[in-house]
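J.: Put the two chains together into one complex; each comes in its own frame, and the hints tell you how they fit.
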Amino acid sequence: MSTFDQIFLKYYHSLLLYGLKFIRDENDVHDIVQEVFVTVWEKEKYTFSDAHLKSYLFNSVRNGCLNHIRHQSVVNKHIEKQELSLLINELNFYGSGEKSLIEKESLKEIYAAIESLPPKQKEMIELSRFEGLKNKEIAEKLGIPLRTVETRLFRALSGLRKVLTGKQIYILLNLVVRHKADNP
Amino acid sequence: MNQETDITQIILRYLNGECNIADRQTLTSWLKSSGKNQKTFYEMKDVWDASLKKEDNSRDALLRFYKQKATKNSASVKSLRLWKTVAGIAAVFIVGLMTILFLNEQPVKIHEGSYETTMMSFKVPFGSKSEVTLADGSTVVLNSGSELTYPGTFTGGKREVSLLGEAFFNVKANENEPFVVRTDHFNIQVTGTQFNVCSYTDDDFSKVSLLEGKVGVLVGEGTSAIDIVPGQQFYLNEKERKYRVLDSDVGMESSWKDGEFRFKEIAFPELLKRLERWYDVKLSYSSPELGKMLYNGNFRNQETIWQVLDGLKLTTSIDYKKTGFRKFEIIYKPMK
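Protein chains in written order, with our numbering: chain A, 4 to 187; chain B, 155 to 490.
Chain B extracted, bound-state conformation (with noise of 0.2 angstroms):
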């Protein structure tokens, strides 16, 4: 299907961060074909990127400077000295570092050799959701926040891709050449079927749910694969590496890719997570009362943020306020 399309759109599509695959090769291409193109899309971005307001946290970042100097070379007479400045203050942006720390955990995936032939990647964005058609004609929908990773070609009698995050795969049947989806937790093993699987590092589940045909999870090397048929879901929790397999609404597990968001009694935080991804925001929330709260609901991806969170607001005992570039909090207030 041929489409078209304004490079100015285009642009603004990749500084919004909702580039596909199509965009960023026409991009790619049209920045190369001239230099003052190439000045032009600079030019632009510049101004995009000077006119992001954002709060000024220089005083913060001024004490964590400090504070990491005094932690590193407490030797010196100079930062002896900082270090009693610093202490009365520390225990108040503790918190703020046990954060940083957190979130500067990223694993570091190290392929194995015979993996390295020619592989493509594809990452989808926060709030966005794309498609890839892989070489043997499987197709593979990505959710926000999710990466894949294909060979070019496939070789060698085999299929293999490795995911992080949640899609729908559609895979073309080929009995000689299985399929395997590769994930941090467990390996599946298919023919042809469609299905789903959810595995992102920030839950601590994985899941994979069967709307079609046969698919075998394989959990640690030399274990036997655990078969599921249509209609069961398998679900590890991590934490506790206990799995199970279940009878559950597969439909509404991957609804996502119809542009429907479907969920049945799942806890808050999770809602929270989900609403994040597909939204690319912030959410955060500090009462208890909240992580005790099961969700039941059905959302479009029509709905705005705010909208959502209105619809929260009205059926549920919360309250949001807005507190910085994409970022809520979420507040428990019981209704009257």
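Chain A on its own, in the form it takes in the complex (with noise of 0.2 angstroms):
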């Protein structure tokens, strides 16, 4: 196996992970990870040391689907304005060095993670992410209500990013937002 052919596969699957923060559509990520492999290749970057290499592929990545959002909204003049500037904002974000942690930890240390929370958050976490269910749907399999598992799946998500991070996420749970129901 040849060193491209190593890095390509140590690499892909985290990089398409990270486009998907951003863009739903999986043929257009993977669209965008093949074109930073052509880079990589026609350019020999995989010459680069590791971590100078790690960050210059998650760096293109984001790139890319900036790119991609832009132009995607030249064209599709009626996509929405505050989905956009939602996108702009936490593209931005990790453009300002801060690192997504599937840039920083390697995906066995993150199911690692998981598999060490408590076991409720760890189920939730398992039906939300692995099995792709919606809330609504957990709620009916466990025969609980809807609000449960949202704030189940709340502390989860807050449980893994400690185990991961060591710190933990705060809202304040219990901040009640008022607003008038759809008024476009």
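What the hints contain is simulated information worked out from the structure, not anything from laboratory work. Source: prediction; values computed, not measured. Keep in mind that a hint or two might mislead.
To be verified - In silico EDC-like pairs for lysine to aspartate or glutamate, Cα to Cα no more than 20 angstroms straight-line:
hint, chain 1, residue 1, chain 2, residue 2
1, A, 139, B, 172
2, A, 139, B, 434
3, B, 208, A, 34
4, B, 186, A, 101
5, A, 13, A, 108
6, A, 125, B, 203
7, B, 436, A, 28
8, B, 277, A, 29
9, B, 207, B, 434
10, B, 481, A, 29
T.: This is how it looks when you write it as structure tokens:
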């Protein structure tokens, strides 16, 4: 196996997950990741040092996503403005040096962290993120109220973050927001 | 109506792709109100994104990478050598390639100049439905995977909106300002009425079903409108470019807006497409026998996809297996 193949197999899946943060369509993300590897191949970037190469790859995928989203918003004029600014802000957040867990940790470590969660939290992550169940479907499967599913899922995500980074997510759990229903 | 919602609930709904307009507005203003909120949101979304478990297709992707390189610059010695290794397996993934090309083929929509005044658009993700109230008080219920583009205010004596997908319209009567629904295949002219439009890009038909009032369908530029009356349906076969007007159960056609899914004698492929949109799943099948079956049935949105599939399994000649993240394969299994 060539060095290039090794690098491709080592990073492809993580880069795909990273791209899926910003773009829902898996085929689009696949194309973006492929493009990045074309450059790696042509410019022989695989001679980079490991750490240098890794941040190069993640930065390139993020830039690819940003270009793709900008292009989409030009071609498809009716893309929602709020959705767009939310995404661009998130991309800029990671552009300013912040690193995603997907970049920082190996997938093995992430799955090991999920394994180590308390059973109820682990169950939530498995149903939601492995099985792909919607919250409503989880509520039915377990015979518990939707609100309980949401609370547990939030605790599970917060717990997972704590295992991975030592930091908890702080949101005032009972912060209540009042708003008028549907008024476009 | 005021409602109380927890911001964590809204964030979870956003992550699940189940946000409605009000949710998104609340979320946006919550994020804008402090940098700390933004950071919290990104952290939560990051754990969510990082815990997604997907099949690892790296090896297939590597093969595809070489295949693409080989076809791009077959002149270079490097890729010629690669081509040899790739040729043997080319047949295996050509099917995969074709699917990808097909999926990428999305129509590019460009609106003409007059259409550009503060257009808003509302997109409903797969697995949910939502209602929009327009500036004139007309309401539009959008079905899963549908998108409505409309102006913030109606000007110039006309009311015009564009639809991709399926929607139920309840249009406020106004003789002086005709209401027009544009789809990829035809325009619908109305004054005040209730009707259902179904025009998904991945279906090879489009239809308009009328419950009340009167609508005219314009299929091409310069043609005269085809009028339909309540209880009738305008059905366009997109492949053959042929249309017909038929009597139909229009209540059944729009039953989805009340969270019900009723259908009569629809073909299996159409049933699968409906379920895919409704439940946000991917369903596939390969047995030709299945393509020939016709289905009658009645589901309510309370049922989960598993319950629906189990129901089909009990009553018809199918079985199913889970093949991936919200993906199922339907297998033909003759009943004994």
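J.: If you test the structure against every hint from before, which numbers come out violated?
T.: none
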